[in-house]
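Protein chains in written order, with this note's numbering: chain A, 351 to 1130; chain B, 351 to 1130.
By construction, these hints were calculated from the structure, which means they are not laboratory data.
Even for Gly, the Cβ is constructed at its ideal location relative to N, Cα and C.
Please note that the accuracy of each hint is not assured.
Simulated crosslink set (PhoX-like; lysine-lysine; CA at most 25 angstroms straight-line) [said to hold, decoys possible]: (1) B:K373 / A:K615; (2) B:K783 / B:K741; (3) A:K614 / B:K862; (4) B:K687 / B:K772; (5) B:K997 / A:K862; (6) A:K373 / B:K614; (7) A:K997 / A:K1054; (8) A:K411 / A:K425; (9) B:K615 / A:K379; (10) A:K575 / B:K919; (11) B:K575 / A:K919; (12) A:K1108 / A:K1127; (13) A:K614 / B:K373; (14) A:K519 / A:K741; (15) A:K920 / B:K575; (16) A:K615 / B:K379; (17) A:K1108 / A:K644; (18) A:K862 / B:K575; (19) B:K780 / B:K649; (20) B:K614 / B:K411; (21) B:K1116 / B:K1054; (22) A:K575 / B:K920; (23) B:K379 / A:K614; (24) B:K1127 / B:K786; (25) B:K919 / B:K862; (26) A:K919 / A:K862; (27) A:K373 / B:K969; (28) A:K379 / B:K614; (29) B:K786 / B:K363; (30) B:K1054 / A:K575; (31) B:K920 / A:K862; (32) B:K644 / B:K969; (33) B:K997 / B:K787; (34) A:K920 / A:K910; (35) B:K1122 / B:K787; (36) B:K1122 / B:K1039.
Among chain A residues calculated to face chain B with C-beta under 7 angstroms, some are [said to hold, decoys possible]: (37) V386; (38) A387; (39) D553; (40) K862.
There are 2 protein chains.
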Amino acid sequence: MDETFGNYSILGKAIPRVDARAKVTGQAKYAADIEVANMLWGQINRSPYAHARILNIDTSKAEALPGVKAVTTGKDFGGFKWGWSGPTRDEEPLAVEKVRYQYEGVAAVAAVDEDTAQEACDLIEVDYEPLPGVFTPSEAMQEGAPLVHDDRPGNICVEYHWNFGDVDKAFAESYLVREDTFQTPRMAKGYLEPPAVVAYWPDPERIVYIGAKGSPYFPYRILAKCFDLPLSNVRIITPIIGSDFGGTKNDMTPADFSAVMLAKKTGRPVKFVTSQFDALTTDLRRHPMWITVKTGVTKDGILKATSLKAVADGGAYTRISPLTMFLVGTCQTLPYKLPNFKYDAYNYFTNNPSSAAMRGHGLYHSRFAADVQLDMIAEELGLDPVEIRLKNSIENPKPGEIYETVNDVHVATCGVQECIEKVAEAVNWKARKGQKKVEGDTAYGMGFAAATYNSGTKLSAHNACAAIVRVCEDGSVNYLTGATDVGQGSDTIMSAIVAEVLGIRLEDIDLKRVDSAFTPVDPGSYGSRVTVHAGEAATKAAEDAKSQLLEVAAQQFGVKPGDVDIKDKKVFVKSSPERNMAWERLVRIACYETPGKVIIGRGYSTQGISMYGLADFSKGVGDIGTNYSFTAQASEVEVDVETGVVKCTDNNVIAHDCGFPLNTQAVETQVQGGSYHQGISAAVYEEFKMDSGQTLNPNLVDYKRPRAYEAPMTQVIHVITNDPYGPFGAKEASEGSCCSAPPSIVSAIHDATGVWIKDLPAQPEKVFWALKKKREKGQK
Amino acid sequence: MDETFGNYSILGKAIPRVDARAKVTGQAKYAADIEVANMLWGQINRSPYAHARILNIDTSKAEALPGVKAVTTGKDFGGFKWGWSGPTRDEEPLAVEKVRYQYEGVAAVAAVDEDTAQEACDLIEVDYEPLPGVFTPSEAMQEGAPLVHDDRPGNICVEYHWNFGDVDKAFAESYLVREDTFQTPRMAKGYLEPPAVVAYWPDPERIVYIGAKGSPYFPYRILAKCFDLPLSNVRIITPIIGSDFGGTKNDMTPADFSAVMLAKKTGRPVKFVTSQFDALTTDLRRHPMWITVKTGVTKDGILKATSLKAVADGGAYTRISPLTMFLVGTCQTLPYKLPNFKYDAYNYFTNNPSSAAMRGHGLYHSRFAADVQLDMIAEELGLDPVEIRLKNSIENPKPGEIYETVNDVHVATCGVQECIEKVAEAVNWKARKGQKKVEGDTAYGMGFAAATYNSGTKLSAHNACAAIVRVCEDGSVNYLTGATDVGQGSDTIMSAIVAEVLGIRLEDIDLKRVDSAFTPVDPGSYGSRVTVHAGEAATKAAEDAKSQLLEVAAQQFGVKPGDVDIKDKKVFVKSSPERNMAWERLVRIACYETPGKVIIGRGYSTQGISMYGLADFSKGVGDIGTNYSFTAQASEVEVDVETGVVKCTDNNVIAHDCGFPLNTQAVETQVQGGSYHQGISAAVYEEFKMDSGQTLNPNLVDYKRPRAYEAPMTQVIHVITNDPYGPFGAKEASEGSCCSAPPSIVSAIHDATGVWIKDLPAQPEKVFWALKKKREKGQK
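Modelling step: build the complete structure from the supplied sequences, incorporating the hints.
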């Protein structure tokens, strides 16, 4: 599509990615490509047990192997623990007293090459006392169940109980109350680039860490604490990153800590590259979750109340679970008006690899449950899925007004109704409704869903971010940001914003990737925050630089700074544009006149709608987002009723309200990627199969994802709401759309076959049995 | 000495160097220590001729040598020339049509190791047509002399003719007019660290250059032009630098260009380390100069007029000669009042290695000539050297007033009278006067001199500099500067300024060395500008950061920002200091409150006394300095009257007006280094001996410098004038003192022996013959 929005030179159009050329020509250097002189290779010794006490570790044979330069074990870290916050810092760089999941890191080796390091790892003798484990929440919650952490009784990691309005009263007043339990699987993050790190100590007081980290200021803080150094002495450098989706690249790994420790011990750089096997067996996964939704509606299908119960398998360590469980609940009051809401969340420790954030974090689970249930309710009431959604959807607040949910979530713009209407129109929903199509063994069906996502996520600390725009003397521009592009295209957005504000071209902007010695702090790539927060900082930094230049221009033209502007690299007097000069000339004048200027623009994010304060996790109130995106989508599936195989057709439309699409192409591909690749994947394909803590399918043959030919073509409709709290009106794109795909596909399967799949993914076997059961029931 | 000045926590005292530990423990990485993975080594093929036409270069044998990865010649640079400014850009990275000095670079090779690269260099076959050359200004100025540059008739590189007041009239009115010609030698810069560079292209549009450059933004600009890249794409990184003194580390070498070109050709990093032989034969040298001073005085010894003629050997290329010749003249009107002044400068091209700046740049030559001549005049008039100096010295202007010289040089503070008085008192000059001491063959004598130097040098462009102070969340502080410490201790000064302003400790400041991708632009280390300009930027950047923090503190205490201050890491309410909190706590509050702040302080140099505009080289008017230091010194020598060997005794005192000594220890060691090491060296030891363009003593045995035991102990007296244009009142230290050593030592030799050495250095042979001649004259 060649749509353009707004009246901008660069923004609101399809902008080519600034990193495209480097990536397609193979010039882009990823962390695993980094070579440093005199470098050693590291490997991790991992536990074969999912739960076991470590009785002894004998590293002597490993140390004696020629080529081995150093060995480290957990004890070297002096009891250091890290994690979400104070009391939940429960994880050691390498396990010390016991291991809590299979393949947890126990020791690490640095050697002259990878094979020697691996050989040495195999020579490390660890005496384990195997312990009984817990591998599901239901096992974990049993009275007397083995404890994953001795100091965490009941294996409870996170527990929330919120109550807004009067749910019981509302249920009593409801025409229909329905309760269903849904289940979402353990999923891989799916990055193809393996996590990798090269670390060294340039002197005994300083760490340099080069690694694929989407939130580089996390290792900055954690390594400073771990090695007891001032933050200033920890230098995190990020190369190009090959995607993350909320995985290990947003967090620490045993390799991260071990690289730094082994570099310290050897005085040489140490490199680790995680294998696909290690990544698939140990990296963070999406939480498996059991969501029970009880919903009361009026006869007309108006939502009266929802009671939500979420039970999650958090895995061995806390990691980000407190946020996950908050997110599962908080946006239940969007995108539909919900006057009464109750939420009970239980996240259990188990002896599985840790669970954590993944694209669509939190909302993915509850939105799936609630939106599918909405279709069940519609069916019971004889309502159309689009109709029930339009009835309940939040209206777009008038400019200057705010919609406030019962749990104090504040929405300045909401395009969900427009999204629903446009999708319904695009797929010709009315005409299609009830027209089931069956060809031979193939049943076609269409489903509908709507979703939302918080963008510009704000946490209780570490929200600050800033940007610096330096104008070089020849007019080329450096953009310094602490924000990282993990593949979502934020480097392009940032560069485009800076170019747009300065009135120059995209190619004039050179974005300097994160080097924490120099770039300003930024929380990183998570919670759809980069465009909103780093984008705000970028805008302000560019405006600051521009105002310094306009002052010089005004002097040159003999007018006031407000009377001059810059567009397409021309600096001109607004009232008489024939009085103008080239951008480069203005910059030269500014830099070389006496006293010469150094043009450094500075911008800070002020975090948008922060007047409402931050969210309170324990009470469940307040905003986690700066603003909120909305999505509607219709998906068509074809179901082979003999085999249960579900395929998505190209008859797919998604409308997304990202406020304003800064880069239309990026929004489209992000929405397509979120919805029709990872969304379909979640709905139909992906699931880690486990047996007592062991991952049964740790490879990309058995852990199946849609191939390119299995991912349908998708139409993306832009819905513009121009949010006042995002830069140029922008809100997030892709996490919301990741949440609407599973319910719309499950509803489409139902539309095609009449069966409800409440337990994702709708893999052939599951659909096959459901169809068989339905047929048998029908035959009875 | 443990003197302290001013009322500061850190400044005005002896501050330990921030880089001392890294340097003494050997952890400091110099450019030659840098290793990059996959690195090649480079070597330069150099011309054996001082002047020759290049007929052909055959690199085929070199290219065929196993291990050779690429060869480059001057033609690869497409005619690119660089140099001082437009019309004087006369130098190519590698010679193309002809070579103009011996060992000029002609080709370069990158190979797997240094020896292979050298072997390949030796295999390059260059056909030369030797040309007659010119090797002194007197040869160069001959009618019909061979031309070094075909387009520069008469071999004139720079010529100035200035005339202030009425010199002829003043001479006519003078009681005594004296004319003498003095000579200063060709000197090495004397850095022990060899110039070295590692360059690579991270992608086809980007250069990374890691090298020992005191002015890293010079290669930044020059490499961008040479390789036709935006400035943003040229990344200059400076490691620790092992001194410069105005040499090749402030300028480009064939190795610099070749490293980048060969890295481009090979796609691999290329490293060059210059050998001591190459450095001593080809690196920039102090200009050999012939200075004729004609001075008229009243009967009382009051200066009426000076006419100065300077003839310099500029060597093969222009380099910085236009500035040199300006500096030789401009400060002739300091430190003594001079109402009439005439200056004629001639800088000639010769077929010698290029001459350029060196510590005491320019003033060193003319101050030597004029101050020695002042003693000659004093002797003729029967005046005391101290008396004649005090009579003529410029008084310290009252606060707010400015002393303006006849050539529009503006002086806000001048401590020369105090310097002279304090030195005279310290050496007990009056008692000593006329008391010649002779012990056996050893004659003792004492000489006196005064000097000045411009600090905060300002050129016509590239004066801008800035600094960034980032406060990390734990209270540690990053200081980002484009200024480099080439050994003078500026990193310590900058860190101390930032710590003083912020009210924290020196060790809390972590100065990030130059990386042009991130650090703000700065002209670099030359012209005693770093403390004055970068120091101003540092002060302002720290003040900016502090004001952001004080705002937060004021909110916390419920007072106005002006009512809070920070000292010794305590933030307190000024009126009730018991209301206070720790620095770290304030920073945490600022960074973690919502919206969290990112504390980035920004500061620019505004170049002090710039209301007077910049100097005009052709007219000889205006300020090259932001402010001016003053110096007086008394030196005692012992002369072996049989051998002519001159030694400096420990009876040496120097008083230096650096405005305010930010780091007393640094001022003392800089003054000692400038005066009693490099100054003595210039007076008594150093000289390159040449024969038709060939350097005869290119090693540190034959090119003699004083060993540590030959450098006397020295008393340094601080004279405080608190200049309004320097940060905390500071002006330069060490370049001025480098200028007072030669005249005071030459006067001391005269005091001891009665002979005047007008031709530096006063090496034994020269003194021996002078004494012999004097004895013979006496016997007649």
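Task: Contradicted hints - numbers only - done: 5, 27, 29, 30, 31
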